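Here is what each chain is made of, one letter per residue.
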Amino acid sequence: MAVAELTKELSQMAHPNDEAASQPAAEPVDAPGAPTVIVDGLHIVYRVYGAASAAEKGNAANALMRIIRRQGRPQMKEVHAVKGVSFVARHGDAIGIIGRNGSGKSTLLRAIAGLLPPHKGSVYTDGQPSLLGVNAALMKELTGERNIVLGCYAMGMTPAQVRERYDEIVEFSGIGEFVQFPMSTYSSGMGARLRFAIASAKVHNVLLIDEALATGDRDFKRKSQERIHQMREQAGTVFLVAHNLDVIEETCNRVIWLHKGQIKMDGDPATVLAAYNS
Amino acid sequence: MSQPESAVADSRAGDRASGSSPSGKESLSALAERHGLRRAIARPSLPAYLRQLWDRRHFVFTYATSRNVSKYSDSALGQLWQVLTPLLNAGVYFLMFGVIMGQKADITNYTAFLITGVFVYSYTQRSITGGAKSISGNLSLIRALHFPRAALPLAYTIQEFQQLAISMGVLAVIVLVTGESLTWLWLLVPFALLLQTIFNVGVSLLLARVGAFVRDMNQLLPFILRTWLYTSGVFYSIPARMKDAPEWARFLLEFNPPSVFIDLIRHLILSTYPQDLAKHHFPHSSLPQLWLYAGFWAAVALIGGFWYFWRAEERYGRG
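If you read the sequences in order, they're chains A and B.
To convert, note that position 40 of the first sequence is 580 in my numbering; the numbers rise steadily by one, no gaps.
To convert, note that position 195 of the second sequence is 218 in my numbering; the numbers rise steadily by one, no gaps.
Where hints are given, some of them may not hold.
As the list claims (entries may be wrong) - The calculated DSSO-like cross-link candidates involving lysine-lysine, where the alpha carbons are at most 27 Å apart (straight line), are:
id, chain 1, residue 1, chain 2, residue 2
1, A, Lys761, A, Lys742
2, A, Lys617, B, Lys156
3, B, Lys156, B, Lys94
4, A, Lys680, B, Lys156
5, B, Lys266, A, Lys680
6, A, Lys660, A, Lys680
7, A, Lys680, A, Lys623
Said to hold, decoys possible - Label-pair restraints from in silico Cβ distances:
id, chain 1, residue 1, chain 2, residue 2, range
8, B, Lys266, A, Ala676, 49 to 57 Å
9, A, Ala676, B, Pro245, 22 to 30 Å
10, B, Trp209, A, Ile607, 56 to 64 Å
11, B, Ala268, A, Ala676, 49 to 57 Å
12, B, Val200, A, Ile607, 33 to 41 Å
13, A, Val743, B, Leu118, 32 to 40 Å
14, B, Leu205, A, Asn745, 56 to 64 Å
15, B, Pro213, A, Lys660, 51 to 59 Å
16, B, Ile189, A, Gly729, 35 to 43 Å
17, B, Pro297, A, Val743, 55 to 63 Å
18, B, Arg74, A, Asp707, 26 to 34 Å
Unchecked claim - Short derived list, chain B residues pointing at chain A, Cβ under 7 Å:
id, residue
19, Ser89
20, Asn91
21, Ala167
22, Asp239
23, Asn241
Just so you know, these hints were derived from the structure itself, not from any lab.
Given the structure is predicted, the values throughout are model-derived calculations rather than measurements.
Idealized CB from N, CA, C, for every residue including glycine.
Could you build the full structure based on these sequences and the hints that come with them?
What follows is the structure, given as structure tokens:
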């Protein structure tokens with residue numbers, strides 16, 4: 541990208557609210573306001589396994605009896621993480637999701653991505669939303685090079701697409717010759733940069749980002765925000781979970797505040813963030 | 024920017040139950056239908072599922088290779104362990120059953136007989152162990168990315184197949200060194216291994232689903248597999264042992280899938296083995312019969328395992 545364009549992007553990032561007025565052409569004009577994700581009365585319940593008590597640990601007879609009786613582990617707890625959430629996301633939306641730890645933000649993202657089945661209610665989507673999270677597919681013993689290929693395949697890219705994007709990924713991550721070394725030798729910032737570079741290499745319809753911007757230095761943070769902005773123009777809808785409210789304020793045009801699995805507030809960033817901070 | 028106000032209104036409308044739309048405002052499910060949105064979670068049809076799996080073939084192979092590379096990256100001898108592990112295993116079994124327990128009596132080339140059995144059995148054993156952990160051990164991957172879940176047990180079997188290719192090279196050397204001769208039958212070994220691979224894929228898929236929902240399976244599996252090892256004629260000859268037993272009992276042991284694949288490979292690469300059986304007049308299954316059994320097990324395991332795995336596709340990763 542040319543330097544002039546880049547500076548323009550960055551200045552827009554800093555003043556997202558001015559953007560609509562000054563740059564109306566930047567918004568997708570094909571289907572303004574058409575819904576891309578509809579969440580309808582969604583409940584998510586998932587199971588957590590606690591530590592086994594001494595009496596149950598490693599006892600083959602007990603284990604066998606549980607299998608025969610079709611019981612789970614006795615300490616299994618059900619967590620009702622999302623309780624009746626409904627909203628409509630539209631083309632061109634960048635939606636920030638905020639809330640305290642354990643308020644159901646990540647669970648909600650996973651449900652939108654179709655990775656957690658709803659207990660009740662449903663999620664309707666246009667195409668396949670994807671979670672910006674390729675981390676789980678990568679192996680730290682392998683070189684950055686191999687991990688880029690592995691990560692791209694894991695996201696469903698073809699060999700031709702991988703060859704095409706490879707150089708761009710390396711350059712965007714800024715890890716240089718470290719790409720030849722195992723990822724276990726990287727600093728945490730370098731690892732985070734490479735992961736974000738791989739994850740954002742694919743074009744997504746609906747993009748879900750979970751705390752991807754928490755790491756990396758200032759420079760990389762700016763670069764990644766710019767990338768998210770690009771994606772939003774291509775994709776239509778971006779969901780962003782972050783504890784860093786500045787990032788939300790700079791990137792999003794709508795904020796959903798989750799509290800104990802329910803929507804406490806849903807609206808424009810200024811209003812919701814003011815309420816959240818007070 | 025889109026309209027936050029209307030979005031708020033939409034979300035409030037959605038708080039009411041979806042079916043019973045209040046007057047004036049359409050329900051969210053109707054809105055979704057009008058814009059052609061679909062439910063995020065739905066199990067694809069079997070043909071669509073197979074197509075998705077085919078689209079992910081590069082991921083399956085890269086994942087298998089990557090796991091093999093990273094597996095030994097911490098040890099000083101590195102990839103050499105892929106050859107050393109099966110050799111050491113064979114050494115231990117030779118000491119145990121060949122020397123101490125004296126199984127050698129009926130079999131001329133016991134070393135080659137034993138090592139063939141160990142290598143072929145451990146291929147199935149490791150595929151099954153890997154398959155059973157392939158879903159339960161990769162929950163974070165399943166919860167982060169979309170792909171047909173069958174890619175994971177498949178990748179684990181392919182990983183074992185890559186190791187087997189190395190083991191087979193070692194095996195060929197041992198067999199020839201111990202005095203067997205190269206025959207045209209050796210050309211059929213890849214087909215036998217192909218049938219075994221298909222069988223392994225099927226059983227891995229089956230156990231991947233079991234292991235995903237019955238978490239204690241991984242604790243029980245080693246015992247099941249060890250019992251299976253002792254009944255599969257790895258370090259003894261089933262026909263020699265069952266010479267006085269009723270016909271049905273011998274058939275039952277010989278029809279056992281690992282025995283079928285082990286005996287098939289032995290018939291193909293050990294020319295002394297069929298000679299031993301003929302010399303002592305042990306009743307045994309013929310080579311064409313063994314091919315038939317092998318084909319039967321491959322087909323049953325693949326179709327059954329794949330269907331069983333696919334039926335729970337949308338539930339993997341839930342907890």
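Each hint, compared with the structure:
About 19 Å separates the Cα atoms of A:Lys761 and A:Lys742, which keeps this hinted pair within 27 Å; it holds. At most 27 Å may separate the alpha-carbon atoms for a hinted pair to count; A:Lys617 and B:Lys156 meet this at roughly 22 Å. The straight-line distance between the Cα atoms of B:Lys156 and B:Lys94 is roughly 15 Å, inside the 27 Å bound, and the hint therefore holds. For a cut-off of 27 Å, the pair hint linking A:Lys680 to B:Lys156 stands: about 20 Å separates their Cα positions.
At most 27 Å may separate the alpha-carbon atoms for a hinted pair to count; B:Lys266 and A:Lys680 exceed this at roughly 54 Å. Straight-line distance between C-alpha atoms of A:Lys660 and A:Lys680 comes to about 38 Å, which puts the hinted pair past the 27 Å bound. Our distance criterion of 27 Å between C-alpha atoms is broken by A:Lys680 and A:Lys623, whose separation comes to about 37 Å. The beta-carbon spacing between B:Lys266 and A:Ala676, approximately 54 Å, falls within the hinted interval of 49 to 57 Å.
Roughly 27 Å separates the CB atoms of A:Ala676 and B:Pro245, a value that falls within the hinted 22 to 30 Å. Separation of B:Trp209 from A:Ile607 is about 43 Å and departs from the stated range, judged on CB atoms against 56 to 64 Å. Separated by about 51 Å at the C-beta atoms, B:Ala268 and A:Ala676 satisfy the suggested range of 49 to 57 Å. Look at B:Val200 against A:Ile607: about 46 Å separates their beta carbons, and that is not inside 33 to 41 Å.
Look at A:Val743 against B:Leu118: about 59 Å separates their beta carbons, and that is not inside 32 to 40 Å. Separated by about 57 Å at the C-beta atoms, B:Leu205 and A:Asn745 satisfy the suggested range of 56 to 64 Å. Between B:Pro213 and A:Lys660, the C-beta spacing of about 52 Å keeps the proposed range 51 to 59 Å intact. Between B:Ile189 and A:Gly729 the C-beta distance comes to about 38 Å, which sits within the given range of 35 to 43 Å.
The supplied range of 55 to 63 Å is met by B:Pro297 and A:Val743, whose beta-carbon atoms lie about 60 Å from each other. In this structure the supplied range 26 to 34 Å holds for B:Arg74 paired with A:Asp707, their Cβ-Cβ distance being about 31 Å. With its C-beta approaching chain A no nearer than about 5 Å, B:Ser89 sits inside the 7 Å limit, and its interface hint holds. Given hint, B:Asn91 at the interface with chain A, is violated; its Cβ is 11 Å from that chain's nearest Cβ, farther than 7 Å.
Of the supplied interface hints, the one on B:Ala167 holds, with its beta-carbon coming within about 4 Å of a beta-carbon of chain A, less than 7 Å. Given the 7 Å rule on beta carbons, the hint for B:Asp239 holds: about 4 Å separates it from the nearest Cβ of chain A. Among the interface hints, the one on B:Asn241 is violated; its C-beta lies about 10 Å from the nearest C-beta in chain A, farther than the 7 Å criterion.
Figure legend: structure checked against the earlier numbered hints; hints not met, in rising order: 5, 6, 7, 10, 12, 13, 20, 23.
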